[in-house]
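**Q** So the chains spell out like this:
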Amino acid sequence: MAQQLQSVSIAAPGFFGMNTQDSPVESPPRFASIALNCVIDQYGRVGARKGYSYITTNAAAISGGNGLTTIYEYIKKSDGTKVVFSTGNNKLLTGTVTLVDATPASYTITAEDWKIVEVNEKVYFFQRGYEPCVYSESTGTIQKMSAVSGSAGTPPQANEALGAFGRLFVADFTTDKHTIYWSDLLQGHKWSGGSSGSLNINKVWPRGADEIVALAQHNNFLVIMGRRSTIIYGGMDDPSTMAVTDIIDNVGCIARDSVQNTGADILWLSEHGVQSLGRLVQEKSAILKDISRNVRNDITNYITLETGIIKSVYSTVEAFYLVTFPYSGITYCFDMRGMLEDGSARTTIWNKIEPKCFHVNKAGNLYMGHDTGITLFDEYNDGTATYSMEYFSNPMSFGNATTLKFVKKIAMTIIGGAGAITNLQWAYDYLFNYRSSAYTLSSGSIAEYNVAEFNVGEYSTGVVITRPSINASGSGFVATIGITSEIDGAALSIQQIDVLALMGRLV
Amino acid sequence: MSIWDQISGVTSMAGSAALANQGIQEARAAGTAQQQALSTLADKYQLATQFKPYTVTGATGSSTFAPGGGSTTLSPQLQALMDQLLQSSGGMFTGAAQPLDQRAMDVTAQLEAASAPSREREYLSMEQRLFNQGRGGLQTAQYGGAPEQFAFAKALEEQRAQNALMGRSQAMNEQNQQFNLGQGLFSSAFMPQQQQNLQTQVSTPFAELVARSQQQGVVTGAELAAQGTQAKIAGETQASNIRQTQLQALLDSLNAPTSGGGSFFGNLLSSIFGGNSGGTPPGFVTPTAAQQNAALNLP
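So the protein lines, in turn, are chains A and B.
With this note's numbering applied, the first sequence covers 1 to 507.
With this note's numbering applied, the second sequence covers 1 to 299.
Hints are not guaranteed to be accurate.
Computed footprint of chain B on chain A, listed as stretches where at least three residues anywhere in the stretch have a Cβ under 8 Å from a Cβ of chain B [to be verified]:
| no. | stretch |
| --- | --- |
| 1 | 196–204 |
| 2 | 231–244 |
In silico lysine to any residue, SDA-like type, Cα no more than 20 Å apart, as pairs [unchecked claim]:
| no. | chain 1 | residue 1 | chain 2 | residue 2 |
| --- | --- | --- | --- | --- |
| 3 | A | LYS203 | B | ASN132 |
| 4 | B | LYS154 | A | SER195 |
| 5 | B | LYS154 | B | GLU120 |
Label-pair restraints from in silico Cβ distances [claimed, not checked]:
| no. | chain 1 | residue 1 | chain 2 | residue 2 | range |
| --- | --- | --- | --- | --- | --- |
| 6 | A | VAL97 | B | PRO147 | 48 to 54 Å |
| 7 | A | ALA243 | B | GLU157 | 23 to 29 Å |
| 8 | B | GLY144 | A | SER136 | 27 to 33 Å |
| 9 | B | GLY144 | A | VAL97 | 38 to 44 Å |
| 10 | B | ALA151 | A | ASN365 | 47 to 53 Å |
| 11 | A | ASN202 | B | ALA116 | 26 to 32 Å |
| 12 | A | THR81 | B | MET126 | 48 to 54 Å |
| 13 | B | GLN159 | A | LYS203 | 24 to 30 Å |
| 14 | B | ALA116 | A | ASP342 | 54 to 60 Å |
| 15 | A | THR262 | B | GLY144 | 50 to 56 Å |
| 16 | B | GLY144 | A | ASN202 | 15 to 21 Å |
| 17 | B | GLU157 | A | THR262 | 46 to 52 Å |
| 18 | B | MET126 | A | THR262 | 24 to 30 Å |
| 19 | B | MET126 | A | SER136 | 53 to 59 Å |
Quick caveat, the hints were computed from the structure, so don't treat them as lab data.
We treat Cβ as the ideally placed atom computed from N, Cα and C, and that holds for glycine.
Throw the hints in and build the complete structure from the sequences for me.
**A** Spelled out as structure tokens, the structure:
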């Protein structure tokens, strides 16, 4: 006797991003088990991430090194022109297309862990164990801090620096991990006299022993992040009157460059994952959220493995927070358009892109540092290479986990792709022996998707929509559906997945 | 005149002369004896009224007056009190004369010590507050530490300055007080002596009586001596008068109107007396002024 086909339609599959924490069977189909090289696009769909293209043309400037490790764009107050600083190959560089060595004379660099901050028309370069360097708009050059006119005190050789409240705050020295120093007001090169000062928080740590990893300013509070705890100071109008407002125990920061201020929030990487600090407007205590809750174990594994310098960025334009683990070659992307009900962010992971650093310039462009220079996060290739976008659903029981299912047909609605070879895959019963069916997406006649030219979006030629439909086979109690597509210059989004399955016998 | 008459006359005259001589001698002897008796009496009186040392004894001690001078001795209790007061006053003066700086520092230190506990409490409270605010390790170029610490240190220094000023004022007051106390003690130390003097003064009338008695003795002795001398002089005068009377009678007898004018006896008598009629008879000497003074025990 013929059985009735069960139809499961997943609109905007993976819209909630990855979820590897909850029970996969009961997980809503909007969660994905894998969303590799994906983003949640503006329409709430899982789509391919962008790649990058090189801006820099003189790769020789940093050849032989480990690529660009820091990028910072400074806009001159005098005329609005932009100066992009970067560090790499043991040099301080300026420029984007052509990198120019701007390292001060007689200044030897053998490490690449710079932090670049800005205060009052000066850009400061900090690295632990090195005398800070200063770019002055007035001189147009990078100098050692001690050479800057008006400098005073001992230039702090700190690892962490924060330009906030009209002054510089620095911390994390080779031998001192507990003291924060701040410069005189509006004079980041003046470390004695004036309103400069320091605060030793060795006895403030809630767990007795910790060390400062990162500093941040948020909502007129100074957030001091230790490795295992976070202390929030208020009264920052005058650092001499600063006082503890809140102490967050057991949540610290493990990577200086993972801290990003979104304007309404601060995101950073702790031992437990990516944390979010809510606004401290009315609430006394910080509203701490674990936005990586749905991938907690995965990300903590990457944290444990990591030996390199973790970098991050928050892009207002792209509405995501990226944190990259160079050892694993993995970058986590947290969509910041909106949070899920449990407070977590919709999460995807990227590979192959392997940025060495990030920076969002004033125009909203996302710069990345790569081996041979500055790249721009814009096109759908990693340089000239393609990359694979993968989406896999969690195992689906179609509402009845005790009944055998025979997946008969899988139909997808894919937007974009432009001739990309796409594999539709399925597997049963939590196994990874996927069966697949390749399909070439229509190249259509679209010109560009989501890319503006001469400030005019070209959508007039239409969006390529492909609805591949394949006949599936096999059976199992739960089925996992996926799609992999090689991204090569064209965007791709999964609009909808329809699965037709035949219900079989009971277990 | 017959010879017999003449012999009888001579004999009569001789008898009269002898009687006169006897009277003269007795008058002289009586004057001399009176003078000697008065002189002896004057000596005795002077001896009796001579100054005798005496001692006045009272509750405060005793005062002894001797011809060579007087002396007072306080009672042991008052002497001890006087010594104690003098010693104490000496201590006070020593204290008052000490260098001001040292005492000022000492007083300041005492003031600091007195305010140290409350200061410590305030400091601990501030330290606790700073610690709870997570500001214990704050160091600023403006204030050194936290503004509260700066304010505390400022208040502390102000208090120290005030304490130093108070210490100096207190030291000055103390020195002044010590000086005044020393003065008082010094004055009081001599009160026993003054009381002793008062006690002595109380006995002054008696001393004056004694002195008056002594003076009276001297005067009386002198008067007695003068009276003795006058008695002597009176005896001599009486003897002289007797002699004069004797001689006048003799002369009258001899110079009785005779025929022939002068007489033999007159001549004889004249020759016997050397013709010194009207002068001091032999053996009768008028005392000189010095002898009179000596007799009167006058200088």
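**Q** Now look at each hint and say whether the structure bears it out.
**A** Hint-by-hint comparison with the structure:
{"no.": "1", "hint": "196–204", "result": "holds (count 9)"}
{"no.": "2", "hint": "231–244", "result": "holds (count 8)"}
{"no.": "3", "hint": "A:LYS203 - B:ASN132", "result": "holds, 10 Å"}
{"no.": "4", "hint": "B:LYS154 - A:SER195", "result": "holds, 18 Å"}
{"no.": "5", "hint": "B:LYS154 - B:GLU120", "result": "holds, 15 Å"}
{"no.": "6", "hint": "A:VAL97 - B:PRO147: 48 to 54 Å", "result": "holds, 51 Å"}
{"no.": "7", "hint": "A:ALA243 - B:GLU157: 23 to 29 Å", "result": "holds, 25 Å"}
{"no.": "8", "hint": "B:GLY144 - A:SER136: 27 to 33 Å", "result": "holds, 31 Å"}
{"no.": "9", "hint": "B:GLY144 - A:VAL97: 38 to 44 Å", "result": "violated, 51 Å"}
{"no.": "10", "hint": "B:ALA151 - A:ASN365: 47 to 53 Å", "result": "holds, 50 Å"}
{"no.": "11", "hint": "A:ASN202 - B:ALA116: 26 to 32 Å", "result": "holds, 29 Å"}
{"no.": "12", "hint": "A:THR81 - B:MET126: 48 to 54 Å", "result": "holds, 51 Å"}
{"no.": "13", "hint": "B:GLN159 - A:LYS203: 24 to 30 Å", "result": "holds, 28 Å"}
{"no.": "14", "hint": "B:ALA116 - A:ASP342: 54 to 60 Å", "result": "holds, 59 Å"}
{"no.": "15", "hint": "A:THR262 - B:GLY144: 50 to 56 Å", "result": "violated, 38 Å"}
{"no.": "16", "hint": "B:GLY144 - A:ASN202: 15 to 21 Å", "result": "holds, 19 Å"}
{"no.": "17", "hint": "B:GLU157 - A:THR262: 46 to 52 Å", "result": "holds, 48 Å"}
{"no.": "18", "hint": "B:MET126 - A:THR262: 24 to 30 Å", "result": "violated, 38 Å"}
{"no.": "19", "hint": "B:MET126 - A:SER136: 53 to 59 Å", "result": "violated, 41 Å"}
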